[in-house]
Structure formats: C-alpha cells, structure tokens
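Engineer: Residue numbers (our numbering), protein chains in the order written: chain A, 1 to 296; chain C, 1 to 595; chain L, 1 to 594; chain R, 1 to 339.
Since the hints were made in silico from the structure, they are not lab data.
A virtual CB, placed ideally from N, CA and C, is assigned to each residue, including glycine.
A portion of the hints provided could be inaccurate.
One side only, chain L facing chain C, incomplete, derived with CB under 7 Å [said to hold, decoys possible]: (1) P107; (2) D111; (3) A136; (4) R137; (5) R140; (6) V576.
Some chain R residues flagged as far from chain L (calculated, every beta-carbon gap over 12 Å) [what the hints assert, rightly or not]: (7) D4; (8) S49; (9) A52; (10) L164; (11) N195; (12) A312.
As a list, the in silico BS3-like pairs of lysine-lysine whose alpha-carbon atoms are at most 25 Å apart [stated by the list, open to error]: (13) K547/C x K85/A; (14) K98/R x K88/R; (15) K129/R x K200/L; (16) K129/R x K307/C; (17) K200/L x K153/A; (18) K129/R x K89/R; (19) K153/A x K175/L; (20) K75/L x K200/L; (21) K129/R x K94/R; (22) K175/L x K255/L; (23) K200/L x K94/R.
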Amino acid sequence: MSSRSREPQDAPLLNRGVASRLDRVVDSGLLDYRSEALPTWCPGCGYYGITHALAAALTERGIENRNLVVVSGIGCAGRYPFFFKGYGFHGVHGRALPIAGGVKIARPDLTVLVVGGDGDGLGIGGGHLPHAIRRNIDVTYILFDNGIYGLTKGQSSPTTPQGQRTGTHPYGNPDTPLDPVVLGLGYRASFLATGYAGEPDELAPIFARALAHRGFSFVPVVTPCVTFDAVNITWDRMREGWQPVPADHDPTDLTAALNLALDENRYYGVLYCEPDRPTFADAEADTAARAAGNAP
Amino acid sequence: MSDQSTAEGSGAGLCCDPEPAVSTHPQDIDYIRSNIPCQWACPAHTNIPGYILANSRDDLDASWLINRASNLLPGVLGRICSRPCEEACRHGDPDLGTPVGICHLKRVAADGRSLDVPPGEFRFPDSGFEVGIVGAGPAGLACAHSLALFGHRVKIYEMESAPGGMLRFGIPAFRLPRSVIDEEVGFITALGVEIEYGVRVGADVTLADLLERHDAVVVTAGCYSAYELDIPGTDREGVHSGLDFMVRINTGDRPAVGRRTVVIGGGFTAFDCARSALRLGAEEVSICILGVEELLSVTDEEIIEAKREGVAIRSLLTSLEITGSDRVEGVRLARNRLGGVDERGRRRTIPIEGSEFTLTADTVIAAIGQKPEPALAGSGLADEPVFAADGSSNIEGLWAAGDFLSGSSTVIESVGRAKAVATRIDTRLSGRTRREEIVTIDPATDTDRRRDWDFIDRQEMPLLPLTERLAGQEVEVEQGLDGSGAEAEARRCYLCNLKYEIDIDGCIYCRWCIDQCPRECIGLARTIEPGEGYLGETIEWTEHWDKTAGIVIDSSRCIRCGICLRICPTRCIGVRLVNLVERFISDDEEADDDR
Amino acid sequence: MGRDEPAEGIDVTIRICGAAGDGSLAAGGFMNAAAARMGYHIINIDLYPAEIRGFGKSVAHVRISDRPVHTPGTKADCLVALNDPHSITEFGTLAEGAVVLYDSRPPVYWDEDRAVAGFIEPGMVGYGVPLGELSARATRSTRSRNIVALGALSGIFRIDPGALKEGIEARFGRKSAELAAQNLQAFDLGRSWALENLEKTDAIDFHDRIPGQREGVRVVSGNEGAARACLEAGVRLYAGYPITPATKIMEILAKELPARGGVVVQTEDEISAIGHAVGSGFAGTRAVTATSGPGLALMTEFIGLAVMGEVPVVIIDGQRGGPSTGLPTKTEQSDLHIAAFGGAGDCPRPVLAPADVTECFTLTRTAFEVAEAFQTPVIVLLDLFLCNRTEDVNFSDVDPAPWGAWAEVRAERHEGEGSYRRFAVTETGISPRAVPGTPDLYHAVTGLEHNERGLPDYTPENHLRMTRKRYRKMETLLERWPEPELAGESGRAEVGIVSWGSGIGAAREALAFLQTRGVRAAGFFPRLVWPVCEEALRSFAERCERVIVAESNYTGQYAGLVEQALGARVERLTGVPAAPLDPAAIVAAAGGEA
Amino acid sequence: MTADHYLIIGNGVAANQAAEVLREGDAEGRITLVSNEFFPFYYRHRLRSFVAGEIGEDELAVRSPDWYRERNIRLRLGQTVTAVDLEKKIAYLKHMEKVTWTTLLLCCGGRPRIPEIHYGYRQHFTVLKGLRHARAWRARLPELNRILIVGGDLISVRVAETLLGLGKEVLFMIDDEAFWPLEVTEGIRAELAENLAGRGAEIISGDAVTGIAEEGAGYRVSTRRGAGIVCDLVGAFYGLVPAVDFLFTSGLDIDRGILVDEYLRAGRPDVWAAGDCAQVYNPAISNYWVSIGWENARRLGEVAARNILGAAETAVEPPVNALTYEGVTVQTAWWKKLD
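If we strip away everything but chain A, and leave its shape as in the complex, we get (with noise of 0.2 Å):
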C-alpha cells in the first residue's frame, strides 16, 4: 500500500451524510402530498418519478392540501388520487376531464389537477380533451404516457408504436401512434410542455411552471411500464434523444413549438405558451359582466 499524505480527516467518508440527507427530504416538504399507504404500482413504474416531481412542483407552488382537488380516469395512472393527500376524485374511464370541468366551474378558487394514462387520455376520453382545450378551462393535466394499457395488462394505446407486438395486436398495432405533444399544440393548448419520468430533478419546475399557468395546462409525460412493456419505452430508452427546449426557444411562436414538436430530438421544457388567453372563468365573467350591464 503506497501511502499518501495524512492531512487531519474531519468527517468519516463511508456515511456521508445519508442521516442529514434524510432530514433534509422531511423539511423539504416532499411527504406533505404523499398519502399514508404506499403506492401500489408496480416496484420501477416510471409514475413514481413522476409523483415525485409533482410533490416537489407542489411544495414550490406552495399549494395548500386543502385546496387541491386530482381527478382522474381508469387505469394505473388513475390510482394517483389514493396515494396523494388532498382531494381527489376518482371517476370513470376517460370521463376525468368532464369531471374536473365542473369541479373548477362550480369553485374557481381550488387547484384542480387531471392526471390519467394514455389509453384514458387520448383513447377512450380523447373526444373530451379538444372540448377540455378548447374552453381553457384552468386545469392542468398531465398525461402519464407509457404507451401501452397496463391495468389490463399489455393491450395497445392510442400512443403505442406502429408494428409494436401487444396482447391485442400480436402480428403488430397497424396503427399509427398518437403525438399528444402535436395533438395539444394542434388542439392549441393554451400551456403545453413535456418531459419524461427519469429525471424528476428536470420534470419538477416544469410542473410548477403548467401550475401557475391561466387556463388549461397540458404536460404529456414520457414514462415507462416495467411490467407490460419491454420493447418500447423502458428506462434505458426512454432517455434517449432528449435535450432541453433550447435557450433561445420563444414558447409563445406556436410554429417555433411546433418545429420542436416535430423535430427528430424531444425537448423537454415548456414548448407553447399563451399566457393571456383568457380562461372559461375569465370567459363567465365576461359574460356576468356584459349580462350585468346589458351589454350585447
């Protein structure tokens, strides 16, 4: 053994902290939006990643428990509500838009969060999402996209591959996959950005970003099923290709948006924003207002 100089050695470096590190996790207020029972999905599902990014977009935005309301659809992604402390409603399969409209009509001053997979999202409830859109109702949805139908356990989605081999599609899905990216800016979302579940450091500011968005925030997020799917989005690939939206990217240029939406490289980050459309809350008001003084 070559020896090397004996400078005085203040800390140990075998345990570097792992205790402080924990507390550090407490008082960061991460656990505040966590329920007390464990998550039942699948040990490695990309959603944690997700929800750990959410937690850490919450605690920045400073949201009240209270004043949280989630809604979702069926599937694995619409479990979120069980494992989330606030309010949430868990309702049928593809109905969580329509759902959480009322719930933002009828009170204005709650957060209202829309979380659901890509069969419930673009499948089933895809003829909810332009309406959703178009109405910009102030909600933010985040579309758990893993591109596959994993409560079911492995059928095709609306965002699975062309040729991918499913439990329904076992010569191949002849279809082409839905883009939600292309379909939000084409339904021209009023907050549109992306991510993927690997890097919750990266997901969470843009979380908090579609949260303190006016109107409806859509965020498709890239995320793998370990369970049903282990050709197309797994952990290892799922990374592949991604690069920040670029620096000098203007998100409010929604053909800029969408050259990046189509561009070969995926950009995670805020891809369109239109800040000052105004919301269905904005649009009633308006409507009060003109009703109120009779106007035309």
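The hints should help you fit chains C, L and R onto chain A, whose structure is shown.
Structural biologist: This is chains C, L and R only, laid out in the frame that chain A set:
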C-alpha cells in the same frame, strides 16, 4: 463502475466517488466491525473477503500474499486456526445458512500457490537498531517479521533446536505437518532474522545480557509451564501434564499409555493429548471437562473428530483426587452444576455435594492450561520486570508479547497482538508511528456473483479414513479441499467488502430494489439516529409513504448480491470497495508529500 | 363434495393462491392441462385482481376428477400458498383435512400472524417446501416458485410428472430452450425435494396413474369456447374495447381472425366498438363484440339502434360484480335485466346464457344464427366464472348445433309491387333482408321509428304496428326454440329448482345430491333466458310443490321474470357472494342436509 | 393480544400433558404446540406392533384433532423450530416465521443416537424412534429375512422379540456402546442376552461394528474381530440423544440435555423443560438424571405445567427403578453404573 459514464451523462447523481480514498476516521474503521464481521473478528484483521475473491478468481498467489500481509503463517493457520472469523461470518446468520469455510480457503491458497517465496516485501532501510527476541514461537516469529520489515536487525534466542514453539511442540503433527512450519519460518529468516537455537534465557544467558546486546528485547517465551492439578495423587506413576505429554511426543518420544486413559481439561491441548493417546495404543480414552461441550473453546470439528476416533467426552466433572497406590488406578470426580459468570466471562462450575464417584484409569493426563515460565528468574536485572498489557515494561527496552504476556491464547491471537507490540517497539525506536490501519475506499464494479451460489452447501473437509488415521502421529488427518470443493467454497463468500449505497438525491422511491431484494436489508427509512459509530444499527424504518424520507440499504444485513444495483431505474445505486488494510508510512513519501 | 366418494375415485380440488405476479394462475394452467391430458375431467376458475401488483390476490382453483364435474367444488382439498398473507384468507375455502403447501424459505421472517403455517389446524396437513430457495437454484430467481410448487404437488400426490413436464417444456420452450430447461429443473427440484423430505400424511394419491389419454381433449375456457364459436361462425369483424373478463376473447380473435379473413378492431371505447359491429352487420357480414357490464351499459344506445334498425349483431357479455366498475374480478349474474331491458324504449332482443364451457361454444355459435335469422342483436350472457374457468372439452364430440339450425331470410331480388319493403310486416315478424351490394333492394336503416320501407313515420298506428312486428319476432323465436332442459324428477316433485347460466352446474350437483338423499327434486334449466319460455315453465311449476330460483345476484333478476310469467311468487336463492353459486346453498335452501 | 402465550416445543406425552394442564389452569392464554413430526401425538410404545403389522396407523393416535380444537390449542405439525431468542422471546421457525411467546416449555424429546465412531457409514443404519421410522421398517419388513441389531437399548430388545415372533432371523450384537443412555450391569446384560437367545436370536458379544458396505440388496458388516456379517438390514439402537441442537445458540445451559432445576426451570426467566430433553441432578443417585419412558414424561409435563401456573412442585423423586423388563430391573439414569 460500468454504469458511471452513462449515469453521468444522464445527470443522475451517483453516490460513488470516482476517486479512490483512504480514511483513518474512527467511524469508518468502525464500519468494518458491523460490515466485514469476519475481518473484524480476526485478531490479525486479515482481509478475508479480499483473499477469498482472489481464490475465486483462481489467483491463489494473490490470495496467499493478502494473507501474509496480515498473518505471516497462512499455511499453519489454514490448518489449526481457532477461526473466530467463521463464527462472525454473515453467511452463518440464522436465515442464511452456514459460515464460509474461511480457514479451509486460506489453506487452499497456502497449499496451492505457485510462488516458492513471497516477492519482495516493503521494507524500511536498515535502521541500525538491533532487537533480541526470546522464543521462536508464533509471537516471536510475528514480532521478528514485523521488526525486520521496519528495518531493524533481529535475533531470536530459542531454547529448543527447532523453531515454531507451540506450533511444533504443542500441536500434534497429524494436525499440522512440520514441513509447513519449516517453510513459513524460512520466509522470515530469509529477511535476515537470525535464530540461535539451544539457548535458554535465564540459564545460558540472562535478560540483562540481552538488554546489553540489543536496543530492545522482546520476551515471547510463551506459556511453557503447565498448570498443575492441585489435587492429591498427582505424583503417582501414570500421571502426565498435557503439555509435557505433547512435547515428548513432538520431540520423538512415545510415552507409554495404559488401556484406559483419562484426560482432564477441555482445551486444544486436552484434545490433542486424547487423540495422541489413541495413536499410542490406548483403548479407552475419555476427556473430563468442567462444564459442558457447548462451552468448550475448541472447534466443533475438533470435538467431532475426536469422538469419531473414539474419544468419549464426560461433562460437568471436577477432579478431586487421583487414586491408586504407586500407579494410577482411577480418578475421583465430583459432578458439577453450572454457576454464574466469573470475572473473566467464563461460566463457573460448582461441585455438587455428595456426587463423588471414581473413574477407573491407568493413565491420567492433566491438560488444564499453561502459564508463562516463572522464568526470568535469573534475569540478572535489578528490578523484577513488570509488563503492561501493551507489552511494555518497567525496564527500558524490555518488552513482551504473545502468550507470555497475555496467558494462554490462540495462535492467531498471538500473531495479531505480537504485530501490534512490534509496531509499538518500532515507534519507540524510530520516534514515530510507521504502521497503521486504514480504510481504503475504491470505486468498484458490481460483482459477477450469481444468486444461486448463495445456496451452495458448505464444502466438507476431506478427511483421512479412520482406519488409516491411527496408523501414526505424522499422518495428517485433514486432506485439504480439492479443486471443485475449493472453488465452490470460495463462491459462497458474499464479499462483504463491497458496499452498496443508494443516493437519496437520485432516488424516485419506486421500491424496485426492495421488491427484488432477497433479504430484508433495503427498506423505507424515516430517519437515521446518529448514535455512536457507523450508522448501521440506528436506521429508523417506516412502512408509511408519507414518512419515507429515503430508501436505505442496511449494509450490516446486505448480502452483497448486487440485484438492487442492476435493477435501479435511475441508477442511483452505487458500489464501493471498502477494505481495512495496514500500511507503512515511509520517510521518503512523507517527504514527497510535504513538497 | 367428492371427498366422501369411494376411495378409488379421484376428485380433488386444489387452490393455488398468490399475489398477482406469483404465477399462481400459470401453475393452475399447467395442472389443468396435464390432468386433462391424462384423462381426468377438470374444472378450473382463476380469480385475479384488477391491479397487477401490490394489492389483490390471485387464485387458481382446479378441480380434478375421474368423472365429469359440473362445478368447481366448494371446498378445496389442497391450498398451495405462494403468498402467505393472501393465502391466510383462503382457509375458509378449505375442506376438513385439507393439505396446505407453503413456502418454507420466504425471503424474510414472517410475523406469526402473517405466516400461513400458523393457521394450519389440527387435522389439516401442512407441507413446507423451500420454494424460493429451490427456485433460486433452478432459475436464480424467485420466478419459478410456482413451478417448484407444481413439482412438489406432483411428488406429494404422486401425480405422474410426464404431462406436467411436457406442458412446462412446451410453454417455456417457446421463449428459449434454456428457460425450458431451467423450469423443468425447478419442477424436478420441487418433486424430488418433496419425495425425499416430506412425510406423506394426507390421503390424496393419484398413484402416478394415467387414467387414459383422451384424444382431442383440450383445456378450454369459456372465453376460448366463445371465441371458437366466433371463428366457426365466420365472423368478419370483431370490434371491442378491453375489459375484464372479456378481453381474452378479443385477444384470441386478434390472433386467429386475420388468417380467416376476419378483422379485429380495437376501438377507443365500447361505444365505438358496437358502432363498428352494427355497421358490419348492416353490411351483411357477421359481427360481434364482447364486453362486460360497464361496456354493455355504454352500448345500450347502440343496442336500441340495432333493434330498431333490425341489424344482426352478437354481443357477448362477461358479467362481473356491479353496479358501475363494481367488482371487476368477481363473478355475478346481475346483467340479466340490462341485457333484456337496457336502453330506451320498448326494445326486444333475445338473451342466451350458456351453462358450461362447451355451451359457451355451442350457444354463442347459435347466437350468430339467431341474430341473422331474426335480424336482431343477440346478447350472450357469460359471467366471469364461465369466461375464466376451464374445462376439458373434446370438440370432435360436441354437437355444434344442439339448439337446431336457423336460416336467415334474405331478399335476393325485387319481388312484388312497389319498392322494397325492408321491414315488411309478416306472420313471423321477420322481413326478408337485403344487404348492401344487393341490386335494387335499396333502403335506409335508421334509429327513428319507421315504416315497412324504412322511412321515418311517427304516427301512433305505425309505431304500434312496428313495435308489434318487433315483438312478434320474439314469439316466433319462442315457438321454434327447443324445450328447456328438465332434470331430475319427471313427475311430481317436492321441490323444483330453476337456475340459469353458470348457476346450472351448481343446481345439477345439488339436484343429484338431493336425489341421493331421497328428496324428489326436479330442475328447470333454460338457455334462452329472455324471452321466458312461459309454457314450459308453467307446466314445470305445476308439478312442483315449491319452486326455488337460484342465481348469483341480489334481487333475483330471473326469479322476477319467472314470477311475471307464472303470475305467482317463487322462492329466491340469491345473494351477492361475489362467487359462483354454491351447490350446498341450494341443497340447504331445498331443505336437504348437506 | 395481551394474554399469555405458552409455546410448547414438542408434541409427545410431556408436551401434551403440559398443554392439557395449562389449559385447565388458564382458560384464556394461547397455547401452541410445535412439532417437527408430521404425525399427531401417538403412542410410541405401540410402534413395535405397528411395525409388525398388528395394528394400523389409526390405532396409534392418542387424540383427535377435535381435542385440540375444543381446547383452543394450536397444534403445528411438521414445523421445525430452528432457534429461540430468550431475550426477545421469539422462536424462529425453519419456514421463516417468528413466533413470540411469554412462556416457553421445551419438550423436544430425543432423536436416535449414532455414536460418532460409526459416522463413516451411518447412512447404512436403520433407526426406529418415531412413526416415520416405523413406517419405513414396516414397508421393508416383508423383504427382510436376516436382521442385525446393534447397540442394545431397551427398544432393541423388544424389537428383536417382535422380529423373532415374525419368524425373522435376528442377530443381536451387544456393542460396547450399548444401553446408552442406560447403563446396565454385566449381569443384566447377560440375562437379556440369555433371554433373547432362548427365543432364537443369535447373540454376538465382545465385538463391535467397524464398517458397513452395501452388498446386493443388503449389507456386509465388518467387525473389530474381523467377522463379515451379511444381513438384509442393520438396525441401530444406541439410545436417544436429546434433540436440542436448535438451542445451542440460545445461551441456554445444555449438557446432554437441557439443564434444569428440580422445578424444571431452565435457568432463564419463563423457560422450562420437561420430558426426555431435560437433565436434572438427582441427589438420590448422585448423578444427573434424565427420565425416560411414557409415565415419567407425562409426570414431568404435568409438573412443569403446574409450576408454570404458579405451583412449586419438585420433579426430582427417588428413583423408582423405572422400568421392569422380564423380571430384570433397569435403572433409567444416564451415565450411571448401578454398582
């Protein structure tokens, strides 16, 4: 580690420092205690996972050298070690099976190496100091070896005509062939250590003379004086002291034993005497012990083999008297009950009144322990030497080590402690500490251990058939693990010198590692109470999601299977190689560092 | 039941319980297939959770007998515990003296109240097998604990390992030869460990005997039977949306249909699914969709359209516990009313309910004929228990049309005066139908009330006339449909048992038991459950002192139809145990001692 | 659950007697019996008749499952305790379960002893202690003609008689290791030998087995004197050793058996032992003493239970010359010469 480049690319925080580091922090040293229990249990702190890994990579030379770095007698200790390491081995935890055959693997390397001599060891330049050592037993040899490495000139004064001390004169050859001793002593004398035989200190030369001649003198004269049974009748013909009995046999004598031999005592010597008596033709041999078998310090294998050879063990007996006229006719015994624990941590045994009876015997061997020779009479010194526990004495330059200092102990304890004494002597002579224990922390890769290796059964030591054993004292009973046995046994080691860690900052709490973990060593942690020493035992676990501050690996339970590292989706699990090693601190490099 | 039978008879019920992911269902599958191959009769039902992991248990329930059996048996003779906490909740299903096989090498120590071993009562037999360790030895993981358990079962019960190993080899061999070899090793380790280490103290013994391999016998689930019917019927289009427990039908058809010129469309929801199917029916090709209660509820609007438009379409409903999402993994017979009545308006359509796996095939097959013959949607009511349970079936022995042949009345060319009357009022109510592509017979199908030509007509006279026409088709069907199955006592009976669908198996076993106890009992087991065969029912009721209607729902949905038909009250054996009907409950209701 | 939990390890007569007495004295406490045998409590002395085919397995059972159910006693069969933690009061079961207790009663009995000197070929010995062994004997009996019995504890003599009664050829080798744990005088030994010889057994004395090898379907046994005995089966009857290996890590005082005081307390709070596994000093014979036999075990089980419930009865009685066999009295003490 293999994952590092990609992990860095993705920005995931890794808990592994890419750079190697060393630590002397007490908390890091303490980590070894709960995490590499075998190494900590070894009095010489032999790097056991290190050499077993070398074994399993079929690099027996490396394995042997790692062994030699801590204990200079791997061939000897690979046979007759008392194996405190195996008692501590994690593989022997109740839910994990049986300990790794650490000792047997040591022998595999010692017997199977290709090197004839160890390659050049690190040595300090000649210091000009001269050290005299009294006795060429394990402690004397260990002292001599260390002091030679420190650059001192060493001369050993040995009263017998051959080196080894108790190894040669106490332990029977059927357990330890003499050629093994000769070879390993040869590596020490090759460093320039001189041994003068046939010199009895106190008679042929006094300690005062030696202190004149040398800058320091170490007394490692061992425990050559047998405790004697303090009961009537020990002067009858047919009564032997166990140590004398063994020394006679080991110097070529064949003491006569009768048909019924009774051995009194329960240590290795008692068992050696009993088994030797069988080889000398005794028909009925029994060992009378004060307590019960469970409390004996000898290994289970020793007990089983003695019984297989026909030795009977009689428990809970106190000897009261050796009966007979001129010759021994029997031993009068009383039955004991177990009492409390004495100040040395041993169970008391209390004779039961009215339980006396006599066991017929024509030979009685009393092997109840040894003590240092009352020697040093005739030391020629003005003051009576008084030794402290650390080996120093009231007389400048006079030291002691080994059994002479501590009382009868095991070979590995002697070696381990003698090395420490040698370091202290060197510090005194050179004026500074030139050898220390450090923890080295290195980046590591996952091992390629397979999970099914955890279920390999402990490999049994091939033994000579009973019929061939009793043919003679020289026939070695244990044959050594063969190739496949050695390979299988080496695979069993968990390699506890690996440390798997989760970087909380990179964790998404997905619990995949917990799900896949074969032992409940990963869990949801609420907090870690600092406590004393390493964090190990003070993790506060939780089952609540809203209380889970982090997912933590309890290294003191981890069996190093590596499954968590391979499964972690955010690659926030890393592995480091943590070794407790000793290093010499040389002047040159210190000078370099100062620049 | 069954364990009381003479000793030489094999009638063993095994439950393999695990957390989802433990492979309990796969193990049950291997056991079924092997037993059937060896010549035993089997009934199997898999009970699985909606969630993949985390919560919920999954249980493979296998009954193996050397005689034909009608129910899965109520009490199990053996529990294979692949997950301790879940398995503890299974003890209520065990027969006296049952064998419990548990994992003696779980990864961690269980606390006392979480370990199956502690719940084994005196009189039961507990065998601990180190499943995890043997699995790790064979496959280096815990994946094959289920296979080890199968091996152990084979050793304990002396079940000839040949057929089991063939099944394992075939299944894993599809993935890789190495995987097959590893799993075979897992099986062998389990078997030899059991043979070498366990002291057999139970009485179940197959004596390594093979009763006789039956040619052509396959292990088939109700879903597979129904899917086979679709294939044999020459279905052109299957449109569906995944839903438990019917998804399997879609998955099979997705695999099998393309090669036979058919198409499977996975639609975005059930609304779209039945839309596709109705379109296909209108176009003159056979179409089908399969769903469960929530999907059927979504489809009711389209069912109304198909009734109104007289479009043939087959809807298979695998019933599960409701209402709403309900109990997605539990069986129930509570969709009868929505099947018969769901939707807007007076909306007649036939509802068929098979009694066993073979009938899932034959009756679904017949449903296509009836749909076309009567130009109507036909609802086939399976239930989760029927969908998922497997039985040994030899299709070469099965009469594919036990309910007669039904011919479609097609209009091939224009006859008579005026324009083509697509909805001509006839004596039978059936109007010759033309499909697109047929020359000259142009018309429109609409959901609006329409006249014989298919043109909107809201007059009260027309509405009454056309409603009568649509109901007339049901009367014709009743006239032509074979007599319902009458079982047991043919003369005067102390008790008459009426049941339908999967309840018939339990009712049959109960009836047989009652007769052995000297109770004069008769059975009425219809397959056409709506419309009700009133005449046959009336004459049955007249010769029975009591009539009990047994079904697995809360309100007695069929009993209500029976009472309506008889104009008298009947006894109801109902309840929502979220489990198949229990023969013992029927016996008890009939006043027999079980 | 705050009530007491009496955990009894064992399911022999001592264990069952203790369970019965405990239940009579404590209606509430939980009582659990754990036995590594798969069979319910059975009459051990009827095994000989079972081996001979005179009675069936059903005639061995002492109690029906209902007996336990009615008394709310949990009986765990075929389950093995691998370790106990006396501090935390947890028993670890081999199938990885932790069972906590408030009172532990060890009635773990004995297992057949094979002297270590015979370890090289122990796999060729056939033993007879429990029903498991009896089943094996019974299954093999029809094909056995010539049987060598070595050792020579009390059971061996009875088994030899049974075999002779079935017309089998019996060789009986009274080993130097014989009669362990019993020690009998030369006189008794001679008497037993004479008795067996009178029934047609061939007695071999003054010799010992040194090796066994398979030969054909049977065995060839080599002896110290150089004999080569060919036989179909070698029955080993070297007595029993207490089955206490699982307690070695517990810190409990164990010699041959669990060392207990006269009240059967095992030196730790709330830990007791009774039956064949308990070793107690008996002043009347100046020796440690392990009682064997059904009645003794039953009595010890009863005493232990009573003492657990608060009594202070001594288990040590003057030796009653526990067994009488064909007019020969055998002292059932360990390591005790009668002279």
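Engineer: With reference to the structure, classify each hint as holding or not holding.
Structural biologist: Taking the hints in turn, this is what the structure says about them:
1. P107: holds, 5 Å
2. D111: violated, 12 Å
3. A136: With Cβ-Cβ at 5 Å, under 7 Å, it holds.
4. R137: holds, 5 Å
5. R140: holds, 5 Å
6. V576: Hint violated; V576/L Cβ to chain C Cβ min 33 Å, cut 7 Å.
7. D4: holds, 15 Å
8. S49: holds, 20 Å
9. A52: It holds; A52/R is separated from chain L by about 20 Å at its closest Cβ, greater than 12 Å.
10. L164: holds, 29 Å
11. N195: Label holds. Min Cβ-Cβ 34 Å, cutoff 12 Å.
12. A312: The claim stands: A312/R keeps its Cβ more than 12 Å from every Cβ of chain L (closest is about 31 Å).
13. K547/C x K85/A: holds, 13 Å
14. K98/R x K88/R: holds, 11 Å
15. K129/R x K200/L: Judged against 25 Å, a Cα distance of about 17 Å means the pair holds.
16. K129/R x K307/C: At roughly 23 Å apart (the allowed maximum being 25 Å), K307/C and K129/R satisfy the hint.
17. K200/L x K153/A: At roughly 39 Å apart (the allowed maximum being 25 Å), K153/A and K200/L break the hint.
18. K129/R x K89/R: Not OK: K129/R and K89/R at ~30 Å, beyond 25 Å, violated.
19. K153/A x K175/L: OK: K153/A and K175/L at ~19 Å, within 25 Å.
20. K75/L x K200/L: Within the cut-off at roughly 21 Å; holds.
21. K129/R x K94/R: holds, 22 Å
22. K175/L x K255/L: Holds. K175/L to K255/L sits at ~18 Å (cutoff 25 Å).
23. K200/L x K94/R: Within the cut-off at roughly 19 Å; holds.
In summary, the structure is inconsistent with hints 2, 6, 17 and 18 from the numbered list given earlier, while agreeing with the others.
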